[in-house]
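Visitor: Letter by letter, the chains look like this.
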Amino acid sequence: MSNSVIEVPPKGGFSFDLCKRNEMLAKKGVNPPSFRKTGTTIVGLVFQDGVILGADTRATEGPIVCDKNCEKIHYMAPNIYCCGAGTAADTEAVTDMVSSQLQLHRYHTGRESRVVTALTLLKRHLFNYQGYVSAALVLGGVDVTGPHLHTIYPHGSTDTLPFATMGSGSLAAMAVFESKYKEGLTRNEGIELVTEAICSGIFNDLGSGSNVDVCVITKGGKEYLRNHLQPNPRTYTNSKGYSFPKKTEVLLTKIIPLKEKVEIIEGGDAMEE
Amino acid sequence: MGDSQYSFSLTTFSPSGKLVQIEHALTAVGSGQTSLGIKAANGVVIATEKKLPSILVDEASVQKIQLLTPNIGVVYSGMGPDFRVLVRKSRKQAEQYHRLYKEPIPVTQLVRETAAVMQEFTQSGGVRPFGVSLLVAGYDDNGPQLYQVDPSGSYFSWKASAMGKNVSNAKTFLEKRYTDDMELDDAVHTAILTLKEGFEGQISGKNIEIGIIGTDKKFRVLTPAEIDDYLAEVE
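Residue numbers (numbering that gives the first Met the number 0), protein chains in the order written: chain A, 0 to 272; chain B, 0 to 234.
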């Protein structure tokens with residue numbers, strides 16, 4: 000029997016070996032570190048000229064807020080944006096990857112990207128990873144076939160809706176949408192409704208907070224309103240700053256300069272590139 | 000590439016030390032339609048003849064000058080289908096660089112990677128070298144740049160260069176006309192005049208293609224109407 004390992008050609012796809020190991024460790028009481036989730040309230044709705052996407056800006060690591068002003072509305076194409084809930088790394092990586100693929104597709108076809116293209120690329124990737132890529136997305140955009148809004152779940156299923164919410168604050172936001180949404184909203188009405196839904200998530204869900212980001216996409220172009228509303232400003236900051244008294248007494252100060260080993264030649268030639 | 004029966008390279012050395020396949024590839028380039036590029040002080044222009052095999056061909060469907068990134072464009076002399084393959088590979092490499100570094104790829108890097116691909120095909124099993132020479136024009140933090148890449152995989156930076164059928168006349172013409180402080184508009188005029196030198200028939204916006212990039216760092220192909228305007232200025 001030879002000692003060498005027989006080389007099995009890689010079959011492609013995800014290798015689940017480490018997942019088995021993690022399960023075994025968890026049973027023994029060793030839990031993996033908690034990863035940065037976006038908690039989140041993300042919403043989208045279709046209005047008369049296009050789609051409006053909205054998101055809160057809190058990123059959490061377990062019970063701690065690790066980013067008070069993160070960006071959850073990701074660029075996919077000049078006419079398509081995607082809000083991401085779930086594990087922050089997963090949403091960033093998957094939207095980045097599909098955005099790259101869409102750019103290459105645009106060069107190849109010479110045409111504007113369609114929302115269904117982004118949808119299919121995302122859902123295929125997520126399904127391939129069987130829900131282990133924890134990204135719940137709200138994808139919206141306007142293309143030649145009109146305005147589109149979709150939700151994508153981590154396991155790869157999708158819905159096409161006139162208004163949608165995802166994330167831990169989705170119930171709070173959906174309550175607002177269900178009572179106030181109607182077809183043919185104007186731009187300002189739409190932005191107001193989206194802001195209200197996100198605020199409902201911010202104030203009623205612990206996983207969401209800080210500011211409201213809004214993105215309006217129409218046939219003519221897009222408007223990314225970063226921090227459109229800031230309902231949680233930091234009040235009572237001390238303008239004088241904070242000073243902490245020194246606790247250790249200084250007994251002796253002695254400065255020994257290190258030996259100069261470098262000779263500085265004034266006006267020498269610049270280093271060759 | 001190695002599991003077929005052709006796991007040996009088809010490009011092999013001759014007794015005199017030359018790679019004959021590459022020489023032949025350069026001949027293929029030399030019989031292709033003329034293309035040229037000129038680097039101005041504030042931009043780069045690349046241009047090519049667009050002689051279609053028949054008047055029945057829809058000239059709007061043919062585009063010889065292609066975009067690799069928003070600030071880098073490319074034109075070729077030689078075999079069109081080989082060019083398409085290289086353009087696709089280069090675009091992917093530029094996009095991968097962007098994914099990794101979140102920065103647009105510098106012109107030299109893209110040229111280097113494209114040249115590496117072309118060299119691969121002179122040393123891999125069962126493939127032949129590409130029958131195109133490329134002229135890559137770009138504008139990045141190092142200013143305007145123009146590179147020529149050959150089927151062997153060697154690349155050079157040029158102030159002005161030409162490839163294809165009329166190369167010797169075109170290069171002599173460019174050597175006489177080129178000045179270091181040329182503006183982009185002057186460069187376009189010079190490019191048109193150079194193409195006109197060896198042009199058979201009536202030159203117009205429909206049978207040449209011109210691509211420019213200026214200080215705005217946005218590469219674009221001129222429309223036939225714009226080319227006609229420049230032609231009128233040159234007359």
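Check each hint, because a few of them may be wrong.
To be verified - SDA-like cross-link-like pairs, simulated, lysine to any residue; straight-line CA separation at most 25 Å:
1. B:101 to A:205
2. A:122 to A:15
3. A:218 to B:217
4. A:179 to A:205
5. B:91 to A:106
Just so you know, these hints were derived from the structure itself, not from any lab.
Visitor: All the hints need checking, so say for each whether the structure fits it.
Guide: Checked hints:
Our distance criterion of 25 Å between C-alpha atoms is broken by residue 101 (chain B) and residue 205 (chain A), whose separation comes to about 33 Å. A threshold of 25 Å between alpha carbons decides the hint, and for residue 122 (chain A) with residue 15 (chain A) the separation of about 20 Å falls inside it, so the pair holds. Among the hinted pairs, residue 218 (chain A) with residue 217 (chain B) is consistent with the structure: their alpha-carbon atoms are about 23 Å apart, no more than 25 Å. For the hint pairing residue 179 (chain A) with residue 205 (chain A), the CA-to-CA distance comes to about 23 Å; that is within 25 Å, so the pair holds.
For the hint pairing residue 91 (chain B) with residue 106 (chain A), the CA-to-CA distance comes to about 10 Å; that is within 25 Å, so the pair holds.
Checked against the numbered hints given earlier, this structure breaks only hint 1.
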